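The listed protein sequences derive, respectively, from chains A and B. For the first sequence, UniProt numbering gives the first residue as 1, with consecutive numbering after it. For the second sequence, UniProt numbering gives the first residue as 1, with consecutive numbering after it.
Keep in mind that the hints were calculated from the coordinates and are not lab data. As the structure is a computational prediction, the values presented were derived from the model and not from experiment. C-beta: ideal position from N, C-alpha, C; glycine also. Just so you know, not all the hints are guaranteed correct.
[To be verified] Capping the alpha-carbon separation at 16 Å, the derived lysine to aspartate or glutamate pairs in EDC-like fashion look like this: (1) A:Lys533 with B:Glu109; (2) A:Lys665 with B:Glu109; (3) A:Lys665 with B:Glu140.
[What the hints assert, rightly or not] Selected chain A positions facing chain B (Cβ under 8 Å, derived; list incomplete): (4) Leu92; (5) Lys208; (6) His530; (7) Ala655; (8) Gly657; (9) Pro658.
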Amino acid sequence: MLFCLKVKKNNSELHVFTHFRHSEVRVYNEEVELEDRDPQQDYMLYKDTCADLAKLMAEIQELKSSGAKVGSVEIEERHRQCSVHFITLKKLNRLAHMRLKKGRDQTHEAKQRVDVLHLQLQNLLYEVMHLQKEISKCLEFKSQHEEIELVSEEEFFQEAPAEISRPHVTRDDNHQLTLARLDWELEQRKRLAEQYKMSLARKEKIQKAIEQKREYLSSLQPGLQNIMQASLPVQEYLSMPFEQMQKQAEVARHLPPPLYVLLVQAAAYGQACDKTLSVNISGDVDEAKALSRRPEDSQEDESDSDAEEEQQNTKRRRATVGVQLEDKRKAMLRRHPLSLCVDLKCKDGSVLHLFFYYLMNLNILTVKTKVSTATDLSGAVSAGELLNSESLLNCLYASDHGKETPNPANRYQFDKVGITTFADYVSDLGHPYVWVQKLGGLQFSSDGAQVCVALEIALSASHMEKTMKLLRGRLQARLALHKQFSSLEHSIIPVSSECQHLFPAKVVSGLTRWTMMSYQEFTELGFVQHVLKAGLVCETDLFFMAVVERGTARLLAAVVLNPRYPEVMPLFSLSLHWKGERSGRTEDNLRAMESEVNVFRAELQGPRPGLQLLTNQIQRLCVCLDVYLETESQVCDGSEGPREFPREKMCLRTARGPSRLKPFKYNHPQGFFSHR
Amino acid sequence: MGPVELLHMSVFSQSFSPCGRFLAAGNNYGEIALFSLSAALSPDASEASQKPILNFTAHDGPVFSLLSTDTHLLSAGNGEISAWSWAELIKKSTKAAWTRKPSYETSLEIPEINAMIINPKDNSLIVGGGDNNIHIMDMETGIFKSVLKGHTDYIHCLCFKEREEEILSGGEDGAVRIWDSRTNRPVHCIEVFKYEECARPQFGKWISCLATDSDWMLCGGGPSLSLWHLRSMSPTSVFPLPGCQREAVFHQDLIMSVGEGPYVSHCLHGGTVKAQIPCTPSSLNTLALNLKNTEHRVMTVGGSSHQIDVFTNFSYRAFSLSF
């Protein structure tokens, strides 16, 4: 085999022929040669050769420059040596290359071996991981059987029969134990399911039995009704009006809430405390039922009442604006068809009838009154106003005039329909006193802008007793005044026997006139200005003029009677016409007389409830006038002749103190007059 | 006190405190009210400062007379005299320091005490009232040492002349009696109603006000208010005031008097009425001048009303204190 190694080097080629024979060991193989040579030696050789070459080149150069010919022997010699050196260099280069290649091959091989091992490692690691995952998955596996609640082990061993529990096996083997327990569980569940089915069937049966019995009972109802009807005469005989009370209760269900509260409270009060009070419902029940069938309309606030008004308007044909407004007003002021009638009976047989109405859209209660007396009240002209139903209940509580609606929200409602004041409708609809609202449990409190309307039963209950007492007191006071007025008009001052001790036996001055005045007339009097200035007079008060006379002396007394008499004392203002005109403002003694009559309530009111107050005051006025006239001093020289009023009253002193007041205080039983 | 009681209230007596900052007033219900003048006169006074700082019931009957010593307020009620310490009153304590009664003969009706004055010379209290007698009490011991009898009707007013140490008393019987305080004997008796210039028979004869200033004496009541010269015992001027006067005082060269009629009359010694200043009550019972305190130099009047008028400038009413 012939191998041709071409060694190229720059511009020359050198062919080196080598022989390689299989059988011969003697091979000119540079690779084999490589192992023998030492790279370091080769390197030295290279350096030497390069040095020689450089030297030779330099010699050639020298020779050439010194003018030798190109083909001269020295130069040729040197050329030959250079070529030999070149060949050496080429060999060295080859060897270097071959060394390099060998090194590379060895590295490559090693690398490959490492790669294979690395790959194997990776594979194994991967498999390990995989196996680990599998193991953990297996470990996490929860079997469904663990969700089933099982009885505890001890219980299981105790209860389960031997074929299931198989203690000899299960005590040692947990797996078997669990299996056994599951079996037992299954059995138990099957058994219980059976029981459940049986119970259900039983329940059905019992239900049917109940139904049957119910039907039976309902069939009894008509029978009972018949018995109730038949028992009515028995009820009446025994005066236990169940039927009546039931009927009332039935009607009461249709009452609006405030009236209902009032009914309940009044009935309760009547039963518990006051046998003379009775309550009745009157009015149209069907209409009430019709109203309540439209549930929210009748008693709610104005947004709904607007709807009502609109309905009403569309029913009519296009009426004029005025008529429309009128209709709106009427609708706003509509009363609930049912009303309550409360009767208060007094001992002397007179009855105060109170009719309570509920104004649905305005959410207030109003009251109208009527008085029926046992005896016929006649004669007293001045008493006309006393029992006037318009003013009878005026100021039952202080400053409760009942002219305006107590519900502040009504203001806005009124503005919508052009009602300026409720007072115009009061005579028609009744008075909306504050105590009436309270009795019905309606509380209007307007703090700031918030208006709160609360239906409070407790409010009604707490006011009931007081109000009833006040009402009765008012009626009695007015009736008493009525009687007193009729005798006052006949110039008789009715002094009861209990009060006789307040006055001396002989009273000469007498009442000659008792008339009623209007507020206008009162304010025009000259001698009452101090009372007006002190703010003690109100337009709702009653005004009277009493004239007391003795001889030539005339005493005019203007009386202010507050509606809350006798809680509030009547106020007297005096003017004396005798030898000129004097009043309490010009003369201290008349002022003392006014004080005597106006201030001493405790003495003058007489026995409770103090209905004698006014007549006692008038009698005291007459007594004081007597004292005044009799103690009036004569002129110094006494030349006037006989006194007009001889001294009859016993007085210790006729003047006392800096203002020289007369003795107006009567002392009983000694019967003399002294100073306060 | 309700509005009706207030309407019928009368103020009968007044007295200023020794320091001049407080006014005590007594009314017909037996109450004494204490007003703070410094509060009422201060620039930021309100309605509340015109109300009493203290109001208590001192006696059963009306308080017709109030008198201030250096330390105490003496008040006269129904026949008794009570003393209240001013310091205690200002602290709003209403406990009386002492209460004494002169001895009275009658027992049926308790006589009132209408006038009280102090005799500074021997520190005695002179009271006159409803039993027609003048009682003199020693202030230190509290014993009533003498009784001056002579009047035939009750005594309205008392006065003391310091120079001659004489007590003057005017009564319902129309007489002005002059007593010597050292000997307790009557010296003179002037029956004013017997003098034609003064007498007014249409009213009566009683003397309800007395005042003295050195040799001069003012007296009035039923008869007209008149100025008398005491040495000659004759009236020099008569004042043409329509009503009956109840209190009169000398102030600088004016004479101020109050009585029936809602005004304070300013008069000159010559007999002319210079001015009549209107006030709230319809008739006046008492007039008081606060001369002890220059800051609160006011005149206050009270009468048939629950209001007491205060005059800072004596020519017009400034404001009213009210009970």
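Going through the hints against the structure:
1. A:Lys533 with B:Glu109: The hint is violated at about 37 Å.
2. A:Lys665 with B:Glu109: holds (12 Å)
3. A:Lys665 with B:Glu140: violated (38 Å)
4. Leu92: Given a least distance of 130 Å, the restraint on leucine 92 of chain A is violated.
5. Lys208: violated (82 Å)
6. His530: holds (7 Å)
7. Ala655: holds (6 Å)
8. Gly657: The hint holds - glycine 657 of chain A has a Cβ within 8 Å of chain B, the shortest such distance being about 6 Å.
9. Pro658: Constraint on proline 658 of chain A satisfied, holds at 5 Å.
Violation of the numbered hints given earlier is confined to hints 1, 3, 4, 5; the remaining hints are satisfied by the structure.
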